[in-house]
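Those protein sequences? They're chains A and B, same order as listed.
Each residue of the first sequence is one higher than the one before, counting from 1 in the numbering used here.
Each residue of the second sequence is one higher than the one before, counting from 1 in the numbering used here.
Derived from the structure by calculation, the hints contain no laboratory data.
Positions of the beta carbon are idealized from the N, C-alpha and C atoms, including for glycine.
Please note that a few of the clues may not be correct.
What the hints assert, rightly or not - With beta-carbon atoms standing in for the labels, derived distance ranges: (1) B:89 <-> A:93: 53 to 61 Å; (2) B:137 <-> A:52: 35 to 43 Å; (3) A:485 <-> B:162: 27 to 35 Å; (4) A:503 <-> B:247: 51 to 59 Å.
Stated by the list, open to error - Partial list, computed: chain B residues near chain A (C-beta under 10 Å): (5) 28; (6) 35; (7) 59; (8) 63; (9) 144; (10) 147; (11) 164; (12) 258.
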Amino acid sequence: MKYHFLKIAPVFFLFLFLLSVNSLPQTIFETPLSNRIASYDIDAALNPEIKIIEGFETLHWKNTSNDYISELQFHLYLNAFKNSKSTFMKESGGQLRGMELDQQTNINWGWIDVLAMKIKDGEDLTNKIKFIHPDDDNTDDQTVISVALSKPVRPGETINLNIKFRSKLPKIFARTGFADDYFLVGQWFPKIGVYEYPGIRYAIKGGWNCHQFHANSEFYADFGVYNVNITLPEKYIVGAVGLQTAEKKNNDGTKTLSYHAEDVIDFAWTASPIFKIAEGQWENVKIKVLLQPEHFAQADRHIQSAKAALAYLDKYVGKYPFPNLTIVDPPLRGLGSAGMEYMTFITAGCLWGMPDGIRFTENVVVHEFGHNYFMGLLATNEFEEAWMDEGFNSYYETRIMDNTYGEKTAFVELGGYHLGDLESQREGYTGMNNPKIAENFRTAWGYKDGGYGSITYNKTATWMTTLDRLIGRDEMDEIMKTYFEKWHFKHPCASDFIAIVNEIVKKRLGNKFGENMNWYFDQVLYGSNICDYKLASISVNKIEIPKGVYDSAGTKMYYKYRRADDLYHSKVVVYRLGEISIPVEILVHFDNGKDSLATWDGKERTFDLIFEGPQKVVWAKVDPENKIQMDVNLNNNSYTLEQSSAPFSKYMTKFIFWVENLVTSMSMIF
Amino acid sequence: MKLITAYKNGFISAFKTKKLATTIYAITFLLALAIAIPFKGTIMKEAGSSMAFEKLLKGYDYTVYTDFMHNSYAAIQPYISIAIWMGIFYLIFTIFFSGGILTILKNGEEKYSLRSFWEGSARYFSRFFRLALYMLIFQIFIAVIYYIALFAILGSAYHSVKSEASLFYMGLIGIIIHLFIFILLLIVTDYAKVMMVEHEEYRPFRTILRAFGFSFRHFLSAYLLYILLLVVPLILFIIYFKLEDIIGMSSGLTILIVFILQQLFIWSRIYIKIWILGSELNLYRNFDTEVNINIDAVPAFEG
């Protein structure tokens, strides 16, 4: 019996092995979805005590240009946190989104060293690595390296580089690092830049687009395939971009997890010993949420909002091609890593006890998932055109949130107070102290005196909404679907998007808005002026019957008019107070209950509408449907001759009540 | 039992002097109206002939509100400052009237007498003002020390707690403890006033010490009585809030109805203030009489 077992055991175990290997996906897509220019095989071992990752990567980089490329450029993003002299730390003052780095504790700093770089079976490039500073003169900044090649990479050739590196993770304050035993590992390996050549964005000749890491910038990379093995202590629960393909227990108390991702632009991962996992599904997409134990009761909020975003973007933009989505809930001290996006992997953020009526978590999930489209599938350059991902994404965030949770209640609905997402986005722009501070079209680090967030996110979302309402929702959806279809898995830029807008608007609306929509983008994207239309005045005067004497065939005659009804001359005046001009509608209401809708090209400083007849104008509204969300003051868009004092009486009584409560409360002190 | 008796008798005393509450309410209302009328004029001027504000009849509208504030905050801001200064002025007004209220309650007058009220107010104002100043300084001092310590504890705890839930509970407990201390100091202030009126005390500092002594000797009664009285306006506020939500303020009629409810609520707060003083006076007398009786009960001779 024992002999028979010994004979069949190897076969039996081989069968089990083959079964286990074959049951895990080796490829996700039968046909590549992208041109897979930059693919990485990475082995990484995390030492959680000293927060260091020992890494080895093989980069497979394909030269898809017609150029002979004799230099490679890489991002070393973690060096932004190396010391206070980096460009990032100088520009940010050591803080991001309100989170500050404790600079007094040495372990809090982060960095990355390239220990060795060698072409596979070829030249050793280690000594050819040098730091460069394409954006400023800061020689202390070490976030970009250049590597000269003795033998250029030929057009169509793929170069395979073996790179040994060591990454020290910073204490989390700006997206990546550690917080106690929680790790969110992003931008952690040497990442090759993007080689742009004619046909890609604005390139008129080939060259590297590889910027330094700035306080306000994010990232830009090519698509590729990632195979990543992560070794860390067994107790850690891990989540990452892509799909887990294997797990192996090692003899030293560690385990090695293998991940595989295809047609993505980045690889990030998380580890914590205390995650609690919740799962959901939307069509073929498996949703996994890694939550802090005290937030587990809010798992469903994460899943439902993710499903809403998946469904909406799938319907109105394009198909989400990946089979999975991982959502990470950071702990309290790791909130600097919240609200961040990687393809198939996002970080949200929530607080214990958050009421259902405050939809901060839902908002973050919807927004970060949306980035899978804008910056992910449509891999725009976040350094140079941040508005194309943040702004477009914010526009869709408003659509998804308001559609799912109510136009006036999407963000907050608590105790009589409510706030919609679009109105919040709009106010983020129109409520700026100086909305003219900068135009959209500038580099992320080009906002010298602030305004990056409001202009990039809020202003873009607002003018996208204005465009949507001007041309019509169906037309806007066709534009976005066409944009997605044409440019997904590529690197579109502003002119690519504008070309599609012009194409669709012309096709659907003819010359309704002129030859093209360039006039719109010249003002809202390339310009920094504001828009403000005002319904300035209404005057109504009775048309007097002519009196007096007139000559008729040599005879003096007296006017003897009789009218059955009085006639009136009504004048409605509209002002353009802002510098931006957009065609507007003007709705006029008469005392006979009838309405008249006029259109105006919006160009002159004033515009008059004259009406004569038995009817009197009672009220008028410019832009009655609030299409022009860019208008910085919607309250002056209407004018009435029969104003009700009820709203003011209401607020006067509230004011009285507020004052009385204040003083009687003060009197409780004595 | 003394507590319940004091609670009941306080209510009866306040009821007898409800016209006093109405007088004080009328002054309060007129003060608020004095700012509210120009406030209304200002917001109407800022709004011009716009129809946007009609949306506010249905309820709060974020866009209308924020656009208005962006464009007109400079015009509104002075009214907020005036309201805050008015709160400070009203505090002095309260100090003044407290003497009158306690005089009326002490004398147990069946009918509210304007003369007694003003006389009492003037008589005790100086002492009450000094008392209020000492207690206010003491309250601020305690609050500053307390919250510095609390924030230091929370700041330190931030680096070691597992989740924000722990911080929340620590903060909540901290606030509750301070609230407890704050209310205790309010109680001491009230009994100091009562003692000043009952015993014609002229020395606020000494009276404060005696009031502390009384409050700690009869801690349970004094504290519970105050809490029972504080619960009343809280309940009334919840009722008002629910009613306002149901009725709304979307038309002239509903605005009027809610306005009346608002004023009834304010009147009740002033009434409760008198009720509190009446109950405390009653409780003090019961305990004070007991002490006196005990002293008097010592037999004159033995044998």
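Against the structure, the hints come out as follows:
A beta carbon spacing of about 43 Å between residue 89 of chain B and residue 93 of chain A contradicts the range 53 to 61 Å that was offered as a hint. For residue 137 of chain B paired with residue 52 of chain A, a C-beta distance near 56 Å fails the hint of 35 to 43 Å. Between residue 485 of chain A and residue 162 of chain B the beta carbons are some 47 Å apart, a value that contradicts the proposed interval 27 to 35 Å. A hinted range of 51 to 59 Å holds for the C-beta pair residue 503 of chain A and residue 247 of chain B, which are about 55 Å apart.
A distance limit of 10 Å between C-beta atoms decides the matter here; for residue 28 of chain B the minimum to chain A is near 6 Å, and the interface restraint holds. Residue-level restraint check for residue 35 of chain B holds (minimum Cβ-Cβ distance to chain A is 6 Å; threshold 10 Å). Satisfaction of the interface hint for residue 59 of chain B is found here, the shortest Cβ-Cβ separation to chain A being roughly 7 Å, below the 10 Å cut-off. Because the closest C-beta pair between residue 63 of chain B and chain A is about 5 Å apart, less than 10 Å, the hint holds.
A least Cβ separation of about 16 Å between residue 144 of chain B and chain A goes past the 10 Å threshold, and the interface hint is therefore violated. The closest approach between the C-beta of residue 147 of chain B and any C-beta of chain A is roughly 17 Å, which is over the 10 Å cut-off, so the hint fails. Here the hint on residue 164 of chain B is kept, as its CB sits about 5 Å from the closest CB of chain A, short of 10 Å. Below 10 Å, beta-carbon pairs count as interface contacts, and residue 258 of chain B has one with chain A at about 7 Å; its hint therefore holds.
Violated hints, listed in ascending order, are 1, 2, 3, 9, 10; each of the other numbered hints is respected by the structure.
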